[in-house]
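Q: So the chains spell out like this:
2 protein chains.
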Amino acid sequence: MDMNFVIIGGDAAGMSAASRAKRLDHNLNVTVFEKSMDVSYSACGMPYNIANPDREIDDLVVRRAEVFKEKQGIDLMTGHRVGQIDRHNRWVSGIKSDGKKFKFPYDKLLIATGALPIIPEIPGADLAGVMALKSLDDGRRIKAYLKEKSARSVVIVGMGYIGMEMCEAFRERDMGVSMISMDFLPGFHETIAGMVRRELESNGVMLHVRHQASQIVKAGEILNILFADHGLNADMVLMAIGVTPNSSMAADAGLALGPKKSIAVNRHLQTSDENIFAAGDCSDAFHVVTGQKTWIPLALRANRAGWAVADNVCGKPTEISPVAGTSVFKVFDLQVARTGLSAAEATQFGFEPAEVVIESRSRAHAHPGGSSIWVYMAGDKKSGRLLGVQMVGKEGVAHRINAPAVALHNRMTVDEFSRTDLAYAPPFGPVWDPMLTAANQLLKAL
Amino acid sequence: MDMNFVIIGGDAAGMSAASRAKRLDHNLNVTVFEKSMDVSYSACGMPYNIANPDREIDDLVVRRAEVFKEKQGIDLMTGHRVGQIDRHNRWVSGIKSDGKKFKFPYDKLLIATGALPIIPEIPGADLAGVMALKSLDDGRRIKAYLKEKSARSVVIVGMGYIGMEMCEAFRERDMGVSMISMDFLPGFHETIAGMVRRELESNGVMLHVRHQASQIVKAGEILNILFADHGLNADMVLMAIGVTPNSSMAADAGLALGPKKSIAVNRHLQTSDENIFAAGDCSDAFHVVTGQKTWIPLALRANRAGWAVADNVCGKPTEISPVAGTSVFKVFDLQVARTGLSAAEATQFGFEPAEVVIESRSRAHAHPGGSSIWVYMAGDKKSGRLLGVQMVGKEGVAHRINAPAVALHNRMTVDEFSRTDLAYAPPFGPVWDPMLTAANQLLKAL
Chain A
1 MDMNFVIIGG
11 DAAGMSAASR
21 AKRLDHNLNV
31 TVFEKSMDVS
41 YSACGMPYNI
51 ANPDREIDDL
61 VVRRAEVFKE
71 KQGIDLMTGH
81 RVGQIDRHNR
91 WVSGIKSDGK
101 KFKFPYDKLL
111 IATGALPIIP
121 EIPGADLAGV
131 MALKSLDDGR
141 RIKAYLKEKS
151 ARSVVIVGMG
161 YIGMEMCEAF
171 RERDMGVSMI
181 SMDFLPGFHE
191 TIAGMVRREL
201 ESNGVMLHVR
211 HQASQIVKAG
221 EILNILFADH
231 GLNADMVLMA
241 IGVTPNSSMA
251 ADAGLALGPK
261 KSIAVNRHLQ
271 TSDENIFAAG
281 DCSDAFHVVT
291 GQKTWIPLAL
301 RANRAGWAVA
311 DNVCGKPTEI
321 SPVAGTSVFK
331 VFDLQVARTG
341 LSAAEATQFG
351 FEPAEVVIES
361 RSRAHAHPGG
371 SSIWVYMAGD
381 KKSGRLLGVQ
391 MVGKEGVAHR
401 INAPAVALHN
411 RMTVDEFSRT
421 DLAYAPPFGP
431 VWDPMLTAAN
441 QLLKAL
Chain U
447 MDMNFVIIGG
457 DAAGMSAASR
467 AKRLDHNLNV
477 TVFEKSMDVS
487 YSACGMPYNI
497 ANPDREIDDL
507 VVRRAEVFKE
517 KQGIDLMTGH
527 RVGQIDRHNR
537 WVSGIKSDGK
547 KFKFPYDKLL
557 IATGALPIIP
567 EIPGADLAGV
577 MALKSLDDGR
587 RIKAYLKEKS
597 ARSVVIVGMG
607 YIGMEMCEAF
617 RERDMGVSMI
627 SMDFLPGFHE
637 TIAGMVRREL
647 ESNGVMLHVR
657 HQASQIVKAG
667 EILNILFADH
677 GLNADMVLMA
687 IGVTPNSSMA
697 ADAGLALGPK
707 KSIAVNRHLQ
717 TSDENIFAAG
727 DCSDAFHVVT
737 GQKTWIPLAL
747 RANRAGWAVA
757 DNVCGKPTEI
767 SPVAGTSVFK
777 VFDLQVARTG
787 LSAAEATQFG
797 FEPAEVVIES
807 RSRAHAHPGG
817 SSIWVYMAGD
827 KKSGRLLGVQ
837 MVGKEGVAHR
847 INAPAVALHN
857 RMTVDEFSRT
867 DLAYAPPFGP
877 VWDPMLTAAN
887 QLLKAL
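The listed protein sequences correspond, in order, to chains A and U. Sequence positions in the first sequence follow our numbering and run 1 to 446. Sequence positions in the second sequence follow our numbering and run 447 to 892.
These are computed hints drawn from the structure, not numbers from a lab. Check before you lean on any hint, since a few could be wrong.
Under the rule of at most 20 angstroms between Cα atoms (straight-line distance), these lysine to aspartate or glutamate pairs were calculated in the EDC-like manner [to be verified]:
hint, chain 1, residue 1, chain 2, residue 2
1, A, 394, U, 779
2, A, 444, U, 765
3, A, 316, U, 862
4, U, 890, A, 311
5, U, 762, A, 415
6, U, 762, A, 416
7, U, 828, U, 801
8, U, 840, A, 416
9, A, 316, U, 861
10, U, 890, A, 25
11, A, 444, U, 471
With the hints as constraints, model all of the structure from the sequences given.
A: Printed below as a string of structure tokens:
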């Protein structure tokens with residue numbers, strides 16, 4: 001009898017694993033249970049889609065369910081919400097969208113349940129018009145709501161990068177936008193964050209930092225968000241505080257958990273049960289700088305982990321490489337990127353960090369059209385190692401961050417990184433790339 | 447008596463060395479002999495400056511001679527052409543711009559004489575209007591000539607990256623541009639080069655590849671460039687075949703030479719005479735991939751080598767890191783970049799290369815405004831090592847190339863590079879960065 005490879009969750013990690021497993025071993029029975037009707041879509045593309053009322057949210061679908069079923073031979077069961085894993089008997093069970101129950105046996109199981117948006121437990125968080133953005137259905141609901149209510153204003157609770165991207169989306173639709181949060185761009189150095197703050201404000205966004213919403217009340221069609229002694233009126237509230245691993249089912253099944261209650265996996269993506277794998281935003285990973293477990297929900301590592309699970313299930317033992325947490329986002333005219341650790345984060349892992357922030361230019365001296373680029377860099381005084389880099393600027397930031405990311409994978413010292421041979425031409429930067437200038441400065445502090 | 451540190455050549459390497467040496471040891475006598483009147487200017491910025499008749503070429507000057515003299519205490523002697531090095535008596539001698547001779551003793555000497563444009567030995571190469579671009583004076587002459595003659599057309603001999611940049615500059619000035627050369631973008635893979643070729647042609651540039659000029663004749667005010675059975679008329683000819691190390695004085699002094707007759711230096715930038723250093727475009731370097739000597743004239747390594755010479759002269763022994771040959775240029779709407787070796791180059795050094803070219807996108811699926819990016823990648827079948835990367839596209843190429851450059855410094859395998867954690871957001875690329883897609887493809891061929 002052929003082996004049953006069962007996957008819970010038809011998003012990036014789940015569908016990557018399913019596709020690759022079927023490609024590696026066509027006789028394998030690959031069954032995916034997805035609670036929604038959507039699989040394989042660009043979740044990260046949602047803010048840009050929501051920005052444009054004329055675009056359909058379904059434009060974000062990369063591959064339709066039929067293609068997975070008919071062309072790839074994957075048993076893709078949409079509208080199937082798995083609720084329980086029975087490790088002893090090796091089956092999963094749950095409820096279909098029509099209310100009927102189902103039960104299915106597995107030999108190897110992949111949990112790829114992703115993450116869930118964090119909704120603060122305040123009165124009124126469940127009111128109509130208080131929304132979050134995680135799934136394509138969320139995006140669909142937000143677009144429908146904006147249209148139906150002709151919403152003109154929004155309060156975004158949270159100032160992380162999804163909040164930033166959505167802020168731009170709402171401004172594109174000419175809506176008034178307020179943001180409220182205790183922290184502005186948590187994890188970023190204050191100079192980098194300060195540039196983003198200035199960009200938001202010059203685009204008409206109202207920021208209420210060091211505050212948190214205590215209650216939301218409805219006054220007619222209007223939502224009133226209460227904080228401190230103030231209240232903000234808006235047509236809509238977006239909860240964008242962050243996400244949390246969707247790991248409760250794994251916890252209920254007795255699987256070990258890692259940082260932030262993500263599902264703990266080894267380098268082969270196996271959970272504490274060797275027949276059960278976890279991949280994507282629900283699972284933890286090794287950090288390239290600390291060597292320790294971390295939880296960083298990002299799309300590339302989800303896709304990559306899905307592939308690695310398929311390899312391991314299909315008898316091609318594969319270890320997943322550690323993550324650097326390299327990420328980038330766009331907010332209005334700014335590109336903001338980071339990789340590795342900030343000094344504050346590094347201190348928690350026993351490093352003795354030094355840090356610098358430098359301002360340089362996006363184009364060479366005397367080359368027209370340049371703008372400022374700020375580079376933050378942290379290094380370890382004990383080992384000399386590069387710990388992390390952050391950057392902000394109008395151009396040339398998004399891809400620049402990949403060079404220090406590769407450096408982190410190689411455990412380079414700041415000195416070694418400062419000696420790398422990087423590209424130069426006047427339209428793209430100074431002779432000494434801003435990252436090299438930062439490294440040269442940081443060397444003096446190490 | 448204080449030590450005499452003498453530098454021949456006041457360009458990138460020479461002035462970097464002078465400034466740093468004086469900063470490290472203020473009592474050191476630092477004397478720079480520069481044959482022209484210009485020091486410290488952005489040579490790479492010249493094409494962009496020439497593109498604009500309203501800009502002064504002197505806008506490219508980064509630091510004026512007076513600053514070096516008065517603020518930094520450097521004895522900067524412009525208009526001093528050194529012609530001879532007497533290693534036995536340790537002095538240099540030459541001729542000043544007023545025709546008088548000079549002679550000066552050194553304890554440590556740096557040769558930073560740069561490179562010279564290659565002028566093919568064909569009849570008419572010395573005619574007025576046949577020009578090359580290397581020094582600021584060249585740029586000055588070209589701008590003056592274009593203005594004085596109201597030049598409407600140019601033939602560029604050579605199709606390397608300076609030819610490309612100048613081609614765009616002339617088109618900016620609405621001039622008709624023809625190019626003629628045996629090779630189109632030597633060193634680049636044909637697919638990458640093909641994209642550049644298409645870009646040039648769609649910008650109205652006439653290309654005559656696989657031809658070479660045999661003679662230039664003057665007919666009234668017009669130059670006629672003869673090749674095969676044809677002739678091209680133009681107001682001006684730009685010789686942009688390439689450059690060659692300006693090493694004849696070093697050779698005359700009996701110093702050892704390296705690849706392409708560049709001055710051979712060890713990792714401390716010492717020539718075969720331990721009291722004489724060489725840095726910048728006149729000297730060779732170790733290649734990060736082959737470990738062997740190479741000659742790659744690029745601005746960053748010149749600046750960096752200048753610094754390292756100063757360190758070594760001032761008693762701070764410093765080894766220069768190897769070069770990867772990372773470079774980028776812009777031509778019309780395209781960015782073209784490379785690092786490391788092509789498969790063809792790698793074969794000459796005993797590698798068994800495999801290569802791929804992939805087409806990917808500059809932005810994510812369904813994100814508006816994206817365009818194609820082509821990535822060429824070469825790896826070694828024996829060791830699995832990454833050997834080199836080339837890229838072309840309208841956006842996101844210039845800084846992307848730095849990630850594989852850092853990978854080359856770390857001697858990463860293609861497999862290791864394919865596992866690096868790179869940034870993703872829909873405005874800046876697909877989830878799988880085009881470089882990762884190329885690496886994944888290349889792995890199949892290794």
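Q: Of the hints given before, which are not true for this structure?
A: Per hint list: single violation, 8.
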